[in-house]
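K.L.:
Residues per chain, in single letters:
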Amino acid sequence: MELRISLPLLASIGPLIFALWVTVGVAGAAASGRGRVSILGSGSSFIYPQMSAWIPEFTRMNPDVVVNYNPTGSGTGQKQFFAHLVDFAASDPPLTRDAWLRHRGRVIQMPVVLGAVVVTYNLPGGEGLRLDGRALALMYKGRLRYWDDPLMRELNPGVELPHREIVAVHRSDSSGTTNVFTFFLHKAAPDEWPTDLVGKSVEWPVDSKGNGVGAKGNQGVTQVIMSTPYSIGYVELSYALENGLPMAKIRNADGQFVLPSQESIREAARNSFPLMPRSPLDDYSLDLDALVYAPGGKSYPITSFVHLILWTRYEPGKAEALRRFIRFVNTEGQGMIVRGYAPIPEEIRAVNLKAAGLIKP
Amino acid sequence: MDARDLKEKIFLAGAALLSLLAVLPVFHVLLSVIWNGLGVLMEAGPSFLTGVPPPPNGGLGGIAPSLAGTLLLAVLSSLLGIPLSLFAAIFAVEFPDNPLAKGVRVLSKALLEIPSVVVGMLIYAVVVVPMGRFSMLAGSLALAIMMIPYVTTYVEQALEGVPFTYREAGFALGLSRPRVVFDILVGIARRGILTGILIGFAKVLGETAPLLFTLGRDRYNVPLGPLDYGDSISLLIFDYAQTPYANMHRVAWGAALVLTALFLIIFLVSRRLTEEVFL
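Read top to bottom, the protein sequences are chains A and B.
Here my numbering is used: the first residue of the first sequence is 25, the next is one more, and so on.
Here my numbering is used: the first residue of the second sequence is 24, the next is one more, and so on.
Just so you know, the hints here were simulated from the structure itself, not pulled from any lab data.
Ideal Cβ positions, reconstructed from N, Cα and C, are used throughout, including at glycine.
Treat the hints with care, since some could be wrong.
If you want the footprint, here are the derived chain B segments under chain A, 3+ residues with CB under 8 Å [said to hold, decoys possible]: (1) 51-58; (2) 232-241; (3) 285-295.
Between beta-carbon pairs, the in silico distance windows are [as the list claims (entries may be wrong)]: (4) 264(B) - 129(A): 22 to 32 Å; (5) 223(A) - 65(B): 45 to 55 Å; (6) 140(B) - 268(A): 29 to 39 Å; (7) 234(A) - 155(B): 32 to 42 Å; (8) 60(A) - 149(B): 51 to 61 Å; (9) 149(B) - 148(A): 53 to 63 Å; (10) 296(B) - 47(A): 26 to 36 Å; (11) 252(A) - 40(B): 26 to 36 Å; (12) 55(A) - 44(B): 53 to 63 Å; (13) 44(B) - 268(A): 29 to 39 Å; (14) 44(B) - 322(A): 51 to 61 Å; (15) 289(B) - 322(A): 29 to 39 Å; (16) 184(B) - 88(A): 33 to 43 Å; (17) 253(A) - 289(B): 19 to 29 Å.
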């Protein structure tokens, strides 16, 4: 079979078709205005699985709306939100006070789901570990080096602790998980863990002692701990649950040792409520301070929020769609929380629902 | 057996062993994709190609919007990228002394090494931010830029490989310059040109980084218009592999197998085409 084609002609057709596609598509979109309202969010990768559970259910209930979410990271999400590329952002940390002041009255924030950072370990022959902020701070400073350290024995009566060196695993990449964990260390043991060791990526003192190991992502830390006997580390609750890792009981502000669970996480949020904002228009920048190491005997102390960030003004179709999405997230949505997250308590939902009345065309 | 035979045997065995070592990782990747992906495809059935992705711990669902997005993006970026590369390469080979042509040659080779995420950021700054939205248009432009240096370089090399005597013969027959170039040179170099085109096509099929900040990742609707958000299989794999949920990992493996199958199809088609098409 012989096929003869004029190459210049053939090659010119390509860009023509492309141009036609763009013109017809843009003109068509402008003319018809589209049947369905399309909403796009961007930000926290931590909340992505929960969003993947919410979005199909929400669009099933609201067939005239399309919602999508890009897990780009909390910081990127905020940038894209302020550049008006996306309609809402999801962010582990709330807006800083400065950012909130710049957009005061025009920007809405709300915590929509809770997560927890758990301390997991690989201790052959030992389980049911109990830890407090001081012991963890000393481990990550490299000053508590052995599993059978007197402090560890005092915390864990009855647990057989070997005379082995502790390998302290931490994140090597910048991470909200590290921020929450180091913030907890500072709040629970301020003498041992100063503020300059709090942040998304820190200079871990244990590394200079040779007993620290960095790993990328929650997945990386999980892998290192599973394959390294006598190691300890911190990951998001969902990674510990899905991989069947042991979780340590952590001493909370009331001196009780508490396992991470939906109940103990929600309890922490409930006990933080007196210090939480009362309107979605308020400054949320200190809410992690209220939530981490919250009072209450049943509160799990290393807990964090994920926030939605929205504008108060949208074009009419989007305003209505986002109002419905906010109502959904704070009502039905809280009944379909994925394993590894916890629903927010009723008190906070009631504050969040005020946002539906604040969004206007 | 004398010493020379022995030396040769040792050398051959060494060479074979080393080449095996070189291709081993490739086979390992290929086999683990097939091993992990096949079970997913068998369990999910044809709906893996027609359904939408599942929630965490919620079965397997499908990857239809991402699959459609990947194919559409590859076709759209080729419509733009391949003709541009063809003409750029022909220009660079036909007018080697022209300063612009020299620039084309240098640039196309330099751009081969450009990190793909930079192309993504460029389109983000130049197209996405001014338009105020992520879109299929932005994604296909990013991929077109990705493919141009590859295709241009391959086509240049294919054209340069044609012996000068064929050109002389063409002119001796009284053919005009365009006819010599398009009928004789391109015809003789067609295998190399097609290979370059298909490598460019395959290249954009698997790209992730240029799409991270251009596409909008709509995983539930098949994209059609230039302003629609879109998704690609590579982005889906990228996002799902990072979640802790086993079913999402399995969807990512299944998607990886689909992508691998697309590559295989392209290369089989390209083998057939180079044997049959006369340009």
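K.L.:
Each hint: holds or not?
P.N.:
A quick look at each hint next to the structure:
1. Look at the region 51-58 of chain B against chain A: 0 of its residues bring a Cβ nearer than 8 Å to a Cβ of that chain, fewer than three, so the hint is violated.
2. Residues of the region 232-241 of chain B lying with their CB closer than 8 Å to a CB of chain A number 5, which satisfies the three-residue condition for coverage.
3. Chain A is given as covering the region 285-295 of chain B, and this is violated because 0 residues of the stretch bring a CB closer than 8 Å to a CB of that chain, at least three being needed.
4. Distance hint check: the CB atoms of residue 264(B) and residue 129(A) are about 41 Å apart, inconsistent with the given range 22 to 32 Å.
5. Separated by about 47 Å at the C-beta atoms, residue 223(A) and residue 65(B) satisfy the suggested range of 45 to 55 Å.
6. Roughly 35 Å separates the CB atoms of residue 140(B) and residue 268(A), a value that falls within the hinted 29 to 39 Å.
7. Range check, residue 234(A) to residue 155(B): about 51 Å between beta-carbon atoms, so the 32 to 42 Å window is missed.
8. In this structure, residue 60(A) and residue 149(B) break the distance hint of 51 to 61 Å, their C-beta atoms being roughly 29 Å apart.
9. A hinted range of 53 to 63 Å for the beta carbons of residue 149(B) and residue 148(A) is consistent with their spacing of about 56 Å.
10. Distance hint check for residue 296(B) and residue 47(A): the Cβ-Cβ separation is about 31 Å, which falls inside the suggested range of 26 to 36 Å.
11. At roughly 33 Å, the beta carbons of residue 252(A) and residue 40(B) sit within the given window of 26 to 36 Å.
12. With their beta carbons about 60 Å apart, residue 55(A) and residue 44(B) fall inside the hinted range of 53 to 63 Å.
13. Distance hint for residue 44(B) and residue 268(A): a CB-CB separation of about 36 Å, consistent with the stated range 29 to 39 Å.
14. Under the hint 51 to 61 Å, the C-beta atoms of residue 44(B) and residue 322(A), about 57 Å apart, fit the expected range.
15. Restraint check, residue 289(B) to residue 322(A): a C-beta distance of roughly 58 Å breaks the suggested window 29 to 39 Å.
16. For the pair residue 184(B) and residue 88(A), the beta carbons lie near 58 Å from each other, so the given range of 33 to 43 Å is not met.
17. For residue 253(A) and residue 289(B), the Cβ-Cβ distance of about 46 Å falls outside the hinted range of 19 to 29 Å, so the restraint is violated.
The structure fails to meet hints 1, 3, 4, 7, 8, 15, 16, 17 from the earlier list, while all remaining hints are met.
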